[in-house]
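Participant: Assemble the complex: chain A is given as a structure, and chains B and C must be docked to it using the hints.
Chains as they are written, first to last, in our numbering: chain A, 1 to 281; chain B, 1001 to 1305; chain C, 2001 to 2207.
Since the hints were derived computationally from the structure, they do not count as laboratory data.
Positions of the beta carbon are idealized from the N, C-alpha and C atoms, including for glycine.
Honestly, I wouldn't trust all of these hints.
Claimed, not checked - Per label pair, the in silico range of CB-to-CB distance:
1. C:T2150 <-> A:D41: 42 to 50 Å
2. C:S2027 <-> A:C176: 47 to 55 Å
3. A:P248 <-> B:S1111: 51 to 59 Å
4. B:K1108 <-> A:W133: 33 to 41 Å
5. A:G100 <-> B:D1061: 25 to 33 Å
6. A:P248 <-> B:Y1116: 55 to 63 Å
7. A:K254 <-> C:T2091: 57 to 65 Å
8. B:G1217 <-> A:K17: 45 to 53 Å
9. B:Y1116 <-> A:K17: 21 to 29 Å
10. A:N168 <-> C:A2024: 40 to 48 Å
11. A:L128 <-> B:S1111: 28 to 36 Å
12. B:Y1116 <-> A:I140: 39 to 47 Å
Said to hold, decoys possible - Over the 12 Å line for every Cβ pair with chain A, so calculated as not near, a few chain B residues:
13. D1166
14. K1181
15. Y1243
16. Q1277
17. M1279
Unchecked claim - If you want the footprint, here are the derived chain A segments under chain B, 3+ residues with CB under 8 Å:
18. 4-13
19. 93-103
20. 106-115
21. 275-281
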Amino acid sequence: MIFLRSTRNELIKIALKPRSYLGLAAITGLVGIILFALKADGLSMISFVTASFEQTLRFEGNLLNGNLVAFIVLQMLIIHIPLLVALVTGDLISGEAAMGTLRLLVSKPISRTQLLLSKFLAGGIYTLLVVLWLGFLAVIVGQWLFGVGDLMVLNSDGLVILQADDVNWRYAGGFCVAFLALLTVSSLSITLSCFSDNSIGPIVSTMAIILLFTIIVTLDVPIFDPIRPYLFTTHMAAWRSFFEDPLPWESIKKSIYILLGHNLLLIGISLFAFHRKDITV
Amino acid sequence: MPNSIISIRHLAKRFGQFEAVKDLSLDVHQGDVYGFLGPNGAGKSTTMRCMLSLIRPNHGDIHLFGKDLRSNRASILARVGCLIEKPDFYKFLSAYRNLDLFSNISGKPSSKKEIYEMLEFVGLQGREKDHVGGFSHGMRQRLGIAQTLLHNPDLIVLDEPTTGLDPQGIIDMRNLILRLKTEQHKTIVFSSHNLAEVEILCNRMVIIHQGKSIVEGSVQELLHEQDQVIRIQSDAVHLDAAYSLSQSFPKAIQFKKLGLDGFELTMAKSDIPAFNQAMVAAGIPVYSLETKRKLEDYFINLLQA
Amino acid sequence: MLSFGLHAQDPTVLFMKLVKKFQAVKSYEVQATIKPNIPLIRILPVKAKVSFSYPNNFQIHAAGISILPKNGFSELPKLFGQAEKFTAISTGNENLQNQDTEIITLLPLDNEGDLVLAKLWVDATRLLILKSQVSTRTNGTLVSEYFYGTSASKGLPDRMLVTVEVKKFKMPKGIATDINRNSQPEDAKKAQKKGTIEVLFSHYEIH
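Isolated chain A (complex conformation) (with noise of 0.2 Å):
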């Protein structure tokens, strides 16, 4: 019970923070200008994309549907909302700290693991939000300013065209794993968070490491070749998969392990860490 009032307490904090909004906001916000961008002027977009068939082929039907454009606003927004899920949970354990209000926190009758925990659950929580806002904003308003239809997926081997009773289930499949790939984010910046007395500092770390493994994953260097599979930022983009056909149901599951073995790696660091944490600030 300890445990649910402690969650309970870090969801009120995260919603009564300013910060926790500027995310949604600013998720709000991209995704308005881009939604605007295509109302505009989607169909040159489009015709870049299609353009190479075009020399013998014509595309019939609404290509610039609300399906499509929600595709686009996630392609566009993946490196960017990471930063706004760390903004605030990267400040979970180190803000405090700074705030002043750990020490009253680690000297309550609530044990360290339950307190950490809660703290990983309301992040959780948070970033499960973060995502479901950007699910409505890119589908569900998506839909509503450009109708629905079939949905054109650019691979790098093809052109994919899903019908468009085949794509609700593919947005769903690939929030939840947009969801794991973004709970990793969080996860490493509450262990961040678990080694610093301020604010920013892993906030800032975390966007560092997120943007080095990127380099490292689209760097085609063989030396990378081992460790690739293995960092989390290749795997961020697996929501992509779902829109392939067949779908590559083991690449998906590989992604969906090698990510929650990272959050059960960064919790265990995290509880080691602040189990060993001196509260002297």
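Facilitator: Just chains B and C now, kept in the frame of chain A:
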């Protein structure tokens, strides 16, 4: 030890190369108002934080309420209220919300009515919904006291509770501590740089220096081991006569002039009335006579020794 | 021995008969199922409704996205609409779909039009075009085969198979951001160079 609320044995804590606490042992009995005295860096705060499981000691045992802190942390801390250094709260939350959050993880959550009553008790009625960010230091200190007492703890740990308070605030804090002791029979441990405060409030104390306990015991016993220092304001003409008179009191020692018209003298407490009468009889005017806080001398002497 | 040529019709006459047969149908609607089989594109069959009105207006109504040849179904209607601008030459015979066909090559009389060459494989007996090969300046060469059933008398096919060239397809970089795909692109030599679009027609409503 019977009725020992806190029992610390051979406590040691090192931060890197620095030994904050070397080999500290002490006992706090039920109903004590126990003072931690020591200069900055002596190990007072480190010891208190070890008691509250904020810091992991490298060595030693800590027992509270007869139980080992390491294996009974939750049940022990549910009976402890603490205020460590300056009171910090969530500035973006109201006073009520702050207390509500902390009470939720204090063992038994407090009801809204109890929180409001406690805020009234500490003089913050009407400010329940105000953000703590707008509170003065004194108001935050009072909120800190409210947080400490809300779950009716048996042991109260205060680390320099009067720091930063105005004179009225200091008086209020002292009165509160006395009330908690006499009316509610709480056991209180507090540290302070204000030696007079410790002398007034505490019945037992420990002086810590360089991570070790120098002396521990009853304040009254410690004071009776030492003579009193009295300060007398007379006039410049009679200082020599006062000095000569003091020589006739064998136990009066360390005559020291203070300015042009005063002097200081160490003597047994029981000799003070007789010396005062002797001065009057000798025609030496006594404009004021005060006893210097003996504990301050005691403290300084011990440290120098 | 009689040469086949003695039995072949005059290509111009044959062509004009085809034009006349085409002009007899002013408008129709038909249910269509479009099945593209094109390298680099994966798409399920799409159901559509095709509307035609003379001389060469086609409207395709589909619930989703469909892929059609560049000029849709209008290659032959355009050709028939400009019949007087072409000269027809007989260029042999070929057996297609178990039928003897006469190959008519149509050459434009001037060099200004988009269409530069057309070949028709004609079943002269039933007056049906079984295969066409139309070359245009803008869209290259399009080869289509036609299969007939219940609407053969009107010259309307049940099935059409269009072959398209794909060797010019290129994936635009920077848009396809599946950055995690480590597999290398297919060897260009092994890549298919042609694709097909099969269209099945059913339930003609001829007006």
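Participant: Take the hints in turn and mark each one as holding or not.
Facilitator: Consistency of the hints with the structure:
Separated by about 47 Å at the C-beta atoms, T2150 of chain C and D41 of chain A satisfy the suggested range of 42 to 50 Å. Take S2027 of chain C and C176 of chain A: their Cβ atoms lie about 50 Å apart, and the range 47 to 55 Å holds. In this structure the hint that P248 of chain A and S1111 of chain B lie 51 to 59 Å apart at CB holds, the actual value being about 55 Å. Roughly 37 Å separates the CB atoms of K1108 of chain B and W133 of chain A, a value that falls within the hinted 33 to 41 Å.
At about 29 Å, the beta-carbon gap between G100 of chain A and D1061 of chain B stays in the expected band of 25 to 33 Å. Here the CB-CB span from P248 of chain A to Y1116 of chain B is close to 59 Å, well matched to the stated 55 to 63 Å. Between K254 of chain A and T2091 of chain C the Cβ separation comes to about 58 Å, which falls inside the hinted range of 57 to 65 Å. In this structure, G1217 of chain B and K17 of chain A meet the distance hint of 45 to 53 Å, their C-beta atoms being roughly 48 Å apart.
Range check, Y1116 of chain B to K17 of chain A: about 24 Å between beta-carbon atoms, so the 21 to 29 Å window is met. Checked against the given bound of 40 to 48 Å, the beta carbons of N168 of chain A and A2024 of chain C, roughly 47 Å apart, stay inside it. At about 31 Å, the CB distance of L128 of chain A to S1111 of chain B agrees with the hint of 28 to 36 Å. Checked against the hint of 39 to 47 Å, the C-beta distance between Y1116 of chain B and I140 of chain A comes to roughly 43 Å, which is consistent with it.
With a least CB separation of 21 Å from chain A, D1166 of chain B remains clear of the 12 Å interface cut-off, as annotated. For K1181 of chain B, the condition that its CB be more than 12 Å from all CB atoms of chain A holds, with the nearest at approximately 22 Å. Residue placement check: Y1243 of chain B keeps its beta carbon more than 12 Å from all beta carbons of chain A (closest about 52 Å). With 12 Å as the threshold on Cβ separation, the claim that Q1277 of chain B sits away from chain A holds: the shortest Cβ distance comes to roughly 55 Å.
Annotated as non-interface, M1279 of chain B keeps its C-beta farther than 12 Å from every C-beta of chain A; the closest such distance is 53 Å. Requiring three or more residues with a Cβ within less than 8 Å of a Cβ of chain B, the coverage given for the stretch 4-13 of chain A holds, as 6 such residues are present. For a cut-off of 8 Å, the count of residues in the stretch 93-103 of chain A with a CB near a CB of chain B stands at 4, and the three-residue condition holds. For the stretch 106-115 of chain A, the stated coverage by chain B holds: 7 residues have a C-beta nearer than 8 Å to a C-beta of that chain, and at least 3 were required.
Interface restraint, the stretch 275-281 of chain A with chain B: holds (4 residues with C-beta to C-beta distance below 8 Å; minimum three).
In summary, the structure agrees with every hint in the numbered list given earlier.
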